[in-house]
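Here are the chains, one letter per residue:
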Amino acid sequence: SQTIHQWPATLVQPVGSPLSLECTVEGTSNPNLYWYRQAAGRGLQLLFYSVGIGQISSEVPQNLSASRPQDRQFILSSKKLLLSDSGFYLCAWSPQGGKGYNEQFFGPGTRLTVL
Amino acid sequence: SQQGEEDPQALSIQEGENATMNCSYKTSINNLQWYRQNSGRGLVHLILIRSNEREKHSGRLRVTLDTSKKSSSLLITASRAADTASYFCATHGAGSYQLTFGKGTKLSVIP
Numbered sequence: 001s002q003t004i005h006q007w008p009a010t011l012v013q014p015v016g017s018p019l020s021l022e023c024t025v026e027g028t029s030n031p032n033l034y035w036y037r038q039a040a041g042r043g044l045q046l047l048f049y050s051v052g053i054g055q056i057s058s059e060v061p062q063n064l065s066a067s068r069p070q071d072r073q074f075i076l077s078s079k080k081l082l083l084s085d086s087g088f089y090l091c092a093w094s095p096q097g098g099k100g101y102n103e104q105f106f107g108p109g110t111r112l113t114v115l
Numbered sequence: 001s002q003q004g005e006e007d008p009q010a011l012s013i014q015e016g017e018n019a020t021m022n023c024s025y026k027t028s029i030n031n032l033q034w035y036r037q038n039s040g041r042g043l044v045h046l047i048l049i050r051s052n053e054r055e056k057h058s059g060r061l062r063v064t065l066d067t068s069k070k071s072s073s074l075l076i077t078a079s080r081a082a083d084t085a086s087y088f089c090a091t092h093g094a095g096s097y098q099l100t101f102g103k104g105t106k107l108s109v110i111p
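Protein chains in written order, with the numbering used here: chain A, 1 to 115; chain B, 1 to 111.
Please keep in mind that the hints were generated in silico from the structure rather than gathered at the bench. The structure displayed is predicted, hence computed values, not measured ones. Cβ coordinates follow ideal geometry from the N, Cα and C atoms, glycine included. One should not assume that every hint holds.
Pairwise CB distance ranges, derived in the manner of DEER restraints [said to hold, decoys possible]:
{"id": "1", "chain 1": "A", "residue 1": "Q73", "chain 2": "B", "residue 2": "T20", "range": "23 to 31 Å"}
{"id": "2", "chain 1": "B", "residue 1": "A10", "chain 2": "A", "residue 2": "L83", "range": "23 to 31 Å"}
{"id": "3", "chain 1": "A", "residue 1": "P8", "chain 2": "B", "residue 2": "L61", "range": "28 to 36 Å"}
{"id": "4", "chain 1": "B", "residue 1": "S58", "chain 2": "A", "residue 2": "S57", "range": "30 to 38 Å"}
{"id": "5", "chain 1": "B", "residue 1": "R60", "chain 2": "A", "residue 2": "G27", "range": "22 to 30 Å"}
{"id": "6", "chain 1": "B", "residue 1": "N18", "chain 2": "A", "residue 2": "G16", "range": "45 to 53 Å"}
With the rest of the complex left out, here is chain B (with noise of 0.2 Å):
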């Protein structure tokens, strides 16, 4: 069963607007990591988040992490029509090599 839940399903917003996506899990986890894909493409990489850590940036990217209520935000500031995509958090249990992938976010900045 999927454990992260990504909310909004949809979201569409202009350039230059910043989006906001959240990521609700159920268990206990090693890390949660968002990824980016592409329509019909492989997903790429977007930043980790440990469970030790509450916040981390990367370049216009900045995820939040709160394990007591079990959710993260991924924020995307300044948006581009570029970063149309559909966006997944997907959460790493202890002790555990499986990646548990949400149906994710799926992104439309308008230009």
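Pulled out of the complex, with its shape left as it was, chain A reads as follows (with noise of 0.2 Å):
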């Protein structure tokens, strides 16, 4: 069966240092990726995209960049996180195929708190 990991849970860091955030899948191969942010009591906000290794599509210009390196890995990061880069951020997989028309699998989520 397929399993999707995220860490840190939880993470409080200084305005100004950076960010990686890391989300792995198994028991699939060639998923494509996605990294949300939740604000609180809102809904989700599509970050980026992948449908393969280095393709990496972004959805809204942002403080934050992903990367793929491997087939089932995928990483979010920042340079210089700002207090605005705040929330709950959930990696989630799907099937290929079909143009992404498929239910998604969502990872655990970090709780990212910027002070």
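Starting from the two chains in their separate frames, assemble the complex, guided by the hints.
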């Protein structure tokens, strides 16, 4: 069966510090991968998605970047965090094919607080 | 911008009652999905209904889709305290990888 892992679970970082959040998927090959951010009491905002190694699409211009160095690894980064980067970050995967018209499976999330 | 809008924003019911949540959207879709999120956790996929389907069932869940009205409803029958969570609808537009989420309905089921 497929599983998706995210770490760390929680993170408190000072403004201006770098960020690296990691997501890995097991039990499937060549998945579509997604990073979302959820502000308190809000829905999810898609930040990045990837359909293959090294292929990253950004949905919202921002202080963040994403990379996919391996088939089942997706990394969210920032060189200098802003207060507005605080939130709940969720990684998700979906099966390849069908232009992504499939259900998505979410990781447990990372709670990021920037002080 | 968020396409799906859930209604109501919050719903409180007694255990055993049915819970109905609605979702409206603005543009043509390929499919509409419902997800559940327990507080502070990731989202769990509940059900996917394609644009050419009108109704779908999964256990105690019933989802309807009316593409002419651009709306969907999620019915949870015989609710349980464990159903307490936020419920989100999400739409997949044609030709897009993006899954667009609404702000969610917060359901509280009182034992």
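Status of the hints after comparison with the structure:
The given range of 23 to 31 Å is broken by Q73/A and T20/B, whose C-beta atoms sit roughly 41 Å from each other. For A10/B and L83/A, the hinted distance range of 23 to 31 Å is satisfied, since their beta carbons lie about 28 Å from each other. Remark: the range hint 28 to 36 Å for P8/A to L61/B is upheld by a beta-carbon distance near 33 Å. Taking the beta carbon of each, S58/B and S57/A are about 31 Å apart, inside 30 to 38 Å as hinted.
Look at R60/B against G27/A: about 28 Å separates their beta carbons, and that is inside 22 to 30 Å. In this structure, N18/B and G16/A meet the distance hint of 45 to 53 Å, their C-beta atoms being roughly 51 Å apart.
The structure fails to meet hint 1 from the earlier list, while all remaining hints are met.
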